[in-house]
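Protein chains in written order, with this note's numbering: chain A, 1 to 308; chain B, 1 to 308; chain C, 1 to 308.
Since the hints were made in silico from the structure, they are not lab data. Careful, some of the hints might be misleading.
[Claimed, not checked] The list that follows gives simulated cross-link-like pairs (lysine to aspartate or glutamate, EDC-like), each with its CA atoms no further than 20 Å apart:
(1) 207(A) to 240(B)
(2) 207(B) to 55(C)
(3) 207(B) to 227(C)
(4) 207(B) to 298(C)
(5) 207(C) to 287(A)
(6) 207(A) to 241(B)
(7) 207(B) to 94(C)
(8) 268(B) to 218(A)
(9) 207(A) to 287(B)
(10) 301(A) to 90(B)
(11) 207(A) to 204(B)
(12) 121(B) to 240(B)
(13) 207(B) to 282(C)
(14) 121(A) to 264(B)
(15) 245(A) to 255(C)
(16) 207(B) to 274(C)
(17) 172(A) to 123(A)
(18) 245(B) to 274(A)
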Amino acid sequence: MSIIKSAFRVLRFGSAKNQLFSLESKTCRAFSVCNKLRQDASDANASKINFYVDENKEKGYAILKLNKGPVNSLNLEFLTELNIQLEKFEESKEIKGVILTSSIPNIFSAGLDIMEMYQIKQDRGSQFWTALQETWIKLYGSNKIYIAAINGHSPAGGCLLSISCDYRIMSKGPYKIGLNETLLGIKAPFWFRDTMINTIGYRETEKALQLGKLYSSEEALAVNLVDELADSKDLITKAEEQMSKWCAIPTVARELTKSSMRRDTLSKLIAQREADTQSFIEFTQRDSIQKSLRMYLESLKKPKKSSA
Amino acid sequence: MSIIKSAFRVLRFGSAKNQLFSLESKTCRAFSVCNKLRQDASDANASKINFYVDENKEKGYAILKLNKGPVNSLNLEFLTELNIQLEKFEESKEIKGVILTSSIPNIFSAGLDIMEMYQIKQDRGSQFWTALQETWIKLYGSNKIYIAAINGHSPAGGCLLSISCDYRIMSKGPYKIGLNETLLGIKAPFWFRDTMINTIGYRETEKALQLGKLYSSEEALAVNLVDELADSKDLITKAEEQMSKWCAIPTVARELTKSSMRRDTLSKLIAQREADTQSFIEFTQRDSIQKSLRMYLESLKKPKKSSA
Amino acid sequence: MSIIKSAFRVLRFGSAKNQLFSLESKTCRAFSVCNKLRQDASDANASKINFYVDENKEKGYAILKLNKGPVNSLNLEFLTELNIQLEKFEESKEIKGVILTSSIPNIFSAGLDIMEMYQIKQDRGSQFWTALQETWIKLYGSNKIYIAAINGHSPAGGCLLSISCDYRIMSKGPYKIGLNETLLGIKAPFWFRDTMINTIGYRETEKALQLGKLYSSEEALAVNLVDELADSKDLITKAEEQMSKWCAIPTVARELTKSSMRRDTLSKLIAQREADTQSFIEFTQRDSIQKSLRMYLESLKKPKKSSA
Chain A
1 MSIIKSAFRV
11 LRFGSAKNQL
21 FSLESKTCRA
31 FSVCNKLRQD
41 ASDANASKIN
51 FYVDENKEKG
61 YAILKLNKGP
71 VNSLNLEFLT
81 ELNIQLEKFE
91 ESKEIKGVIL
101 TSSIPNIFSA
111 GLDIMEMYQI
121 KQDRGSQFWT
131 ALQETWIKLY
141 GSNKIYIAAI
151 NGHSPAGGCL
161 LSISCDYRIM
171 SKGPYKIGLN
181 ETLLGIKAPF
191 WFRDTMINTI
201 GYRETEKALQ
211 LGKLYSSEEA
221 LAVNLVDELA
231 DSKDLITKAE
241 EQMSKWCAIP
251 TVARELTKSS
261 MRRDTLSKLI
271 AQREADTQSF
281 IEFTQRDSIQ
291 KSLRMYLESL
301 KKPKKSSA
Chain B
1 MSIIKSAFRV
11 LRFGSAKNQL
21 FSLESKTCRA
31 FSVCNKLRQD
41 ASDANASKIN
51 FYVDENKEKG
61 YAILKLNKGP
71 VNSLNLEFLT
81 ELNIQLEKFE
91 ESKEIKGVIL
101 TSSIPNIFSA
111 GLDIMEMYQI
121 KQDRGSQFWT
131 ALQETWIKLY
141 GSNKIYIAAI
151 NGHSPAGGCL
161 LSISCDYRIM
171 SKGPYKIGLN
181 ETLLGIKAPF
191 WFRDTMINTI
201 GYRETEKALQ
211 LGKLYSSEEA
221 LAVNLVDELA
231 DSKDLITKAE
241 EQMSKWCAIP
251 TVARELTKSS
261 MRRDTLSKLI
271 AQREADTQSF
281 IEFTQRDSIQ
291 KSLRMYLESL
301 KKPKKSSA
Chain C
1 MSIIKSAFRV
11 LRFGSAKNQL
21 FSLESKTCRA
31 FSVCNKLRQD
41 ASDANASKIN
51 FYVDENKEKG
61 YAILKLNKGP
71 VNSLNLEFLT
81 ELNIQLEKFE
91 ESKEIKGVIL
101 TSSIPNIFSA
111 GLDIMEMYQI
121 KQDRGSQFWT
131 ALQETWIKLY
141 GSNKIYIAAI
151 NGHSPAGGCL
161 LSISCDYRIM
171 SKGPYKIGLN
181 ETLLGIKAPF
191 WFRDTMINTI
201 GYRETEKALQ
211 LGKLYSSEEA
221 LAVNLVDELA
231 DSKDLITKAE
241 EQMSKWCAIP
251 TVARELTKSS
261 MRRDTLSKLI
271 AQREADTQSF
281 IEFTQRDSIQ
291 KSLRMYLESL
301 KKPKKSSA
């Protein structure tokens, strides 16, 4: 089974009703979406490059391509590397904005790495969650312009990255985006929720989070979860056109305006990062959650018929 | 004049401009919408069953059919009965959700019983309002899945019941739904307002509450006051399909998510229930309000030409 | 170059991409939109009437026509006059509402007068900003019904006047409306922002304010920045029809409802008016802002090729 085919197979849980509703007893299957694939990819990739940066100082923006195969799942090391890069962008006097995309076909990011939640020691869990908070704070609170060029699936943490940007363009195609945590038996943290409310409004968020809804690109456009669709081949071009438009706005005024819009939402997490981390640790250490994770991981080891 | 025809006649105040705007001097006519009908129905119904419950333990949900003829208006006794039933649902380990509908053709609920506001003693008024608060807290704050199958008119308190559910399907047809309190000379309480904002957003609520707008089913769908329309004959089937979808979501995660969305709105009332009750008592005891109510009730005793 | 043609020329900055993006280095050009025109009109108009009031006591509403040529820009004296008039309306027992429009063809209001920000003394700046706060508090917090009949361009402060009303009807035609402050190098104050969020929602506001977006009338309707479009010749008739509808709502209930919706937003400014004024003074006294203003004003003195 190819990586991509497998990614589709897992994601199809979100759209195929019968499969979707078998999720309750196998709570975590869809979570890291393609976690098994990550394992398949194996240690051979240990020294691989996790992202590329194309910096265009003349035009004043960079392109950041996530490249942590197979599915850009977010673990402690990857988040740490990302945070360092985001900090570099923030301090740069030469770039005004960043286009965030992925170099992996059909996958923007599969979200949090499930292995960061299974049988973790408290220390590691705490570091992981702190790193994830940091990523969101840096991205959502950035003075720079961030445009997400969503080239493929973007569930859970992948959706969080997207909605933390200033503008979203998504490839047309059979891709899904959404905060589907509920389907995996877990609750989206309050700052995922607030970022979603700020993007698609209260009522749509209430429905989407309760149902763990994964939106097709057309559905995402209809509820303003993304701002624009593009043919895959035009995605980066369109993102660059949009970036040029944003770069032309007087910088200080744009920064002050962005900060004025997002300050309150950011403050809520910043004021309680430790409590939020503690709550993550306690939640993942519940027997019921660990049991679900174990069942899920064991299921990945068994050969199974493709449902595709 | 048949009950239904009469219900239409009164509700038509909401759509026919000329009639609507004659409302100011007859402030309360539309309020309990079909209050006269309630009186017509008379004491013969004193021992009638006010609602039916169809519990389907196999499928994991119940159907609650309001049956307090003629128009499911909400008085202290009915609310008290409802609150006991909602509590039973909440404690049940066998059901995950409830479809809320009415067994009365063309009427979901006409809202609050006007007789609970006319010449009430403080004690009764206080008990009535406390019971209504309790209904909203139990419904909007429930861990269970509530789906409103709105089979007919749903003004004022009927609209509140609807928007306190998780999902709303409304029958196509000449039915109206909305918070039309302003037309009756009163202000919707802040928790009606907040529930409305959480459903259709701030701006639409601002317009709707100032104008006392009653939406047709198509209009209600357009502003997301309801999530879906159905032919009357398919209403319950569609509600059951939707319920199956919601029941398939992992329960604890869905409950935590729902609670996370609604906690702040609920807390605002819970923190000031007594002050809110006091404010209701003081408002309804105003001479101007009592005068409006008396004029309205007297107008009901006179024969009048049908405007239908 | 005629006044109107010139107004169009300046406003076209908002729609023509290449011109728009040349704005960064000439930060303030679009700000008072037609400031040069104001100067052209010159002192000859010193004793002119700045607005007309048509009071129709029988129908119960007034029409307020802004008439401070050439473009209804808002300076201290004009705001002070307006505030006195708004106070008169508020105290009137004979009128329930006011239609706010302009007697100047194609211009509703160009917003704040840039001369109130260039080389101002602290005293004058403070008085100016306090008067503007007062206008917003009186308008957004009014018990009366305000309907904006937007007969032409309505950028920046003109947009603020519009969104502080209860209902907006805009003329079809090549007119623009929006909070475009960012394009001029400044940040819209938080109460401009909050009024915008209350009108078009959080996400649309976040995009609009960052980009300084000026909406065409059709775009404004699509995002609910205005409620209705009308042919220019029908604008006042439509506004009067709408006013009749609002006037028919029981007055006290409507007032209480409006106040309940807007109280929190108003309180935020009322609680910190002085700090907000101080922040305006400090911001406009920055060298970078004064330099931008000077360059802009100097550019107005030079003859230049029409870009129209």
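Taking the hints in turn, this is what the structure says about them:
1. Proposed proximity of residue 207(A) and residue 240(B) is supported: the alpha carbons are some 17 Å apart, at most 20 Å.
2. About 25 Å separates the Cα atoms of residue 207(B) and residue 55(C), which puts this hinted pair outside 20 Å; it is violated.
3. Among the hinted pairs, residue 207(B) with residue 227(C) is consistent with the structure: their alpha-carbon atoms are about 10 Å apart, no more than 20 Å.
4. Taking the CA atoms of residue 207(B) and residue 298(C), the gap is about 45 Å. The hint is violated against a cut of 20 Å.
5. Pair hint residue 207(C) plus residue 287(A) does not hold up; C-alpha atoms about 44 Å apart against a cutoff of 20 Å.
6. Distance check on the hinted pair: residue 207(A) and residue 241(B) sit about 16 Å apart at the alpha-carbon level, within 20 Å; holds.
7. Of the supplied pair hints, the one linking residue 207(B) and residue 94(C) is violated, its CA atoms being roughly 23 Å apart against a limit of 20 Å.
8. This hinted pair does not check out: residue 268(B) and residue 218(A) have alpha carbons roughly 37 Å apart, beyond 20 Å.
9. Between residue 207(A) and residue 287(B) the alpha-carbon distance is near 44 Å, which puts this suggested pair outside the 20 Å criterion.
10. Taking the CA atoms of residue 301(A) and residue 90(B), the gap is about 40 Å. The hint is violated against a cut of 20 Å.
11. Restraint check for residue 207(A) and residue 204(B): satisfied, since their Cα atoms lie roughly 19 Å apart, inside the 20 Å limit.
12. Taking the CA atoms of residue 121(B) and residue 240(B), the gap is near 42 Å; set against the 20 Å cutoff, the hint is violated.
13. A C-alpha spacing of about 37 Å is found between residue 207(B) and residue 282(C), which places the hinted pair above 20 Å, so the restraint is violated.
14. Using a Cα cut-off of 20 Å, the hinted pair residue 121(A) and residue 264(B) is violated, with the two alpha carbons roughly 33 Å apart.
15. Distance check on the hinted pair: residue 245(A) and residue 255(C) sit about 43 Å apart at the alpha-carbon level, beyond 20 Å; violated.
16. The hinted pair formed by residue 207(B) and residue 274(C) fails the criterion: a straight-line CA distance of about 32 Å is larger than 20 Å.
17. Distance restraint check for residue 172(A) and residue 123(A): the Cα-Cα separation of roughly 41 Å exceeds the 20 Å cut-off, and the hinted pair is therefore not satisfied.
18. Only pairs whose Cα atoms come within 20 Å are accepted, and residue 245(B) paired with residue 274(A) is rejected, the gap being roughly 36 Å.
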